[in-house]
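Chemist: Chains as they are written, first to last, in this note's numbering: chain Y, 1 to 156; chain Z, 157 to 383.
Worth double-checking, as some hints may not be accurate.
[Said to hold, decoys possible] Only pairs whose alpha carbons sit at most 20 Å apart, straight line, appear in this in silico DMTMM-like list of lysine to aspartate or glutamate: (1) Lys209/Z x Asp22/Y; (2) Lys39/Y x Glu164/Z; (3) Lys39/Y x Glu138/Y; (4) Lys33/Y x Glu220/Z; (5) Lys33/Y x Asp222/Z; (6) Lys33/Y x Asp100/Y; (7) Lys209/Z x Asp232/Z; (8) Lys176/Z x Asp232/Z; (9) Lys176/Z x Asp100/Y.
[Claimed, not checked] What follows is a list of derived Cβ distance ranges for each label pair: (10) Glu104/Y x Arg269/Z: 33 to 39 Å; (11) Phe21/Y x Glu304/Z: 43 to 49 Å; (12) Arg130/Y x Arg264/Z: 38 to 44 Å; (13) Ser69/Y x Pro205/Z: 19 to 25 Å; (14) Pro71/Y x Ser364/Z: 24 to 30 Å; (15) Arg295/Z x Val65/Y: 32 to 38 Å.
[What the hints assert, rightly or not] One-sided and incomplete, this derived list gives chain Z residues near chain Y with beta-carbon spacing under 8 Å: (16) Ala159; (17) Ala173; (18) Met311; (19) Ser367.
Calculated from the structure, these hints are not laboratory results. All C-beta atoms in this analysis are idealised placements derived from N, C-alpha and C, irrespective of residue type, glycine included.
If you want the building blocks of each chain, they are given just below.
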Amino acid sequence: MPRLEDLPDLTRQGMLNFPAFDHDDSPCAAMSKPLNEAKIALVTTAGLHLRDDTPFSSGDQTYRVIPSSTPASGIIQSHMSIGFDRTGIMRDVNVTFPIDRLREMVKRGEIGAVTEDFYSFMGAQRSPRRIEEETGPEVGRLLLEEGADAAFLTPT
Amino acid sequence: MLARAIEETGLPTVTVALIKEHAQRVKPPRTLWVPFPFGFALGNPDDPPFQQKVLSAALGLLSENDTPVLAEFTEDADAPPVLLQASAAQADAANSDGDPADEVTALRGYYERWVDEHEGRTMVGLSGVPQRQFRGLVRYLQAFADGEDAAYDRMPDGVEPVRFLRLASDDLKAFFMEARFSQRPNDRDDELQRWFWSETAMGNLIASVASRLVEQGDAQAANGIAR
Chain Y
1 MPRLEDLPDL TRQGMLNFPA FDHDDSPCAA MSKPLNEAKI ALVTTAGLHL
51 RDDTPFSSGD QTYRVIPSST PASGIIQSHM SIGFDRTGIM RDVNVTFPID
101 RLREMVKRGE IGAVTEDFYS FMGAQRSPRR IEEETGPEVG RLLLEEGADA
151 AFLTPT
Chain Z
157 MLARAIEETG LPTVTVALIK EHAQRVKPPR TLWVPFPFGF ALGNPDDPPF
207 QQKVLSAALG LLSENDTPVL AEFTEDADAP PVLLQASAAQ ADAANSDGDP
257 ADEVTALRGY YERWVDEHEG RTMVGLSGVP QRQFRGLVRY LQAFADGEDA
307 AYDRMPDGVE PVRFLRLASD DLKAFFMEAR FSQRPNDRDD ELQRWFWSET
357 AMGNLIASVA SRLVEQGDAQ AANGIAR
């Protein structure tokens with residue numbers, strides 16, 4: 001699907017017209033230690049959350065905390081976007097939120113640790129100002145406070 | 157966008173992106189573009205070695221600091237075809253004269269087997285209605301779709317009916333899909349979608365719920381229900 005040239009015209013145009021925010025450059029924070037010593041956080045915009053947490057609603061720019069010790073069975077999705085195939089995530093949440101894969105990397109010594117908390121937002125937002133200015137930076141600060149060295153972000 | 161906001165707090169980030177054109181414009185600090193569909197960021201479900209390859213490729217970018225960094229993951233997973241949308245499948249709706257509540261009963265054993273075999277993993281559970289009570293939930297959806305002034309006594313407190321209809325529809329879709337995974341383990345995802353929207357009465361019912369929401373001016377709530 002994301003090979004835009006392979007999409008039907010209507011879908012491709014919809015994707016290209018979806019608001020993206022142009023920037024000329026990128027911020028850069030360098031990681032201060034090698035990966036095998038680093039504490040890694042997982043942050044997703046796939047609208048996932050704990051089974052008993054409040055589902056996302058339309059335009060919801062808040063986030064949900066998913067402790068990294070959560071079993072995959074404790075995670076559910078309430079993404080409000082249209083037009084994506086949910087069957088992959090129903091089969092295996094790791095296809096979008098690799099919680100088991102990261103724990104395996106810690107066991108193998110490929111990363112130092114995972115943060116205690118992972119975070120989730122709902123993606124496909126047309127006007128995500130609050131995430132940009134408030135809830136996104138808040139998650140960055142919370143992760144720094146618990147000693148995160150880097151964050152891995154996954155889309156829907 | 158989120159990656160930029162987090163990086164600006166001083167925490168290094170790396171992002172998986174599905175649409176390269178967007179990554180080129182937004183410029184997250186470090187991006188691994190992958191050629192997979194929405195919902196399949198790390199390639200294939202139930203394929204840990206492949207998921208690990210994508211994950212390791214992404215984490216490997218964390219040592220690069222000449223941002224923006226945009227790398228490409230070129231190995232193609234066996235990605236499923238583009239999602240078949242309800243509107244396309246409805247056109248050849250055929251065998252869906254049955255009762256969706258009876259379909260729920262018929263699929264229950266398959267659904268429960270799926271959950272048992274996957275350590276309790278299930279995407280059913282948004283509405284708060286236990287799957288054992290889905291027959292009653294179906295009756296409520298049918299009454300709503302038929303334009304009756306329907307009420308449902310198990311609706312959670314504080315949840316608007318329109319929102320409840322959305323969550324309930326998502327639960328029923330997940331129940332059917334997960335049951336079908338168990339019943340027909342070799343079906344591809346497009347076959348599952350075609351089955352649900354073309355061959356089940358539940359697919360018809362959910363499309364009717366969406367239509368009714370649009371008719372009563374709740375198009376936003378209907379958005380995405382029938383897909």
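Chemist: Would you pick out the hints that fail for this structure and give their numbers low to high?
Modeler: 1, 6, 9, 10, 14, 18 and 19
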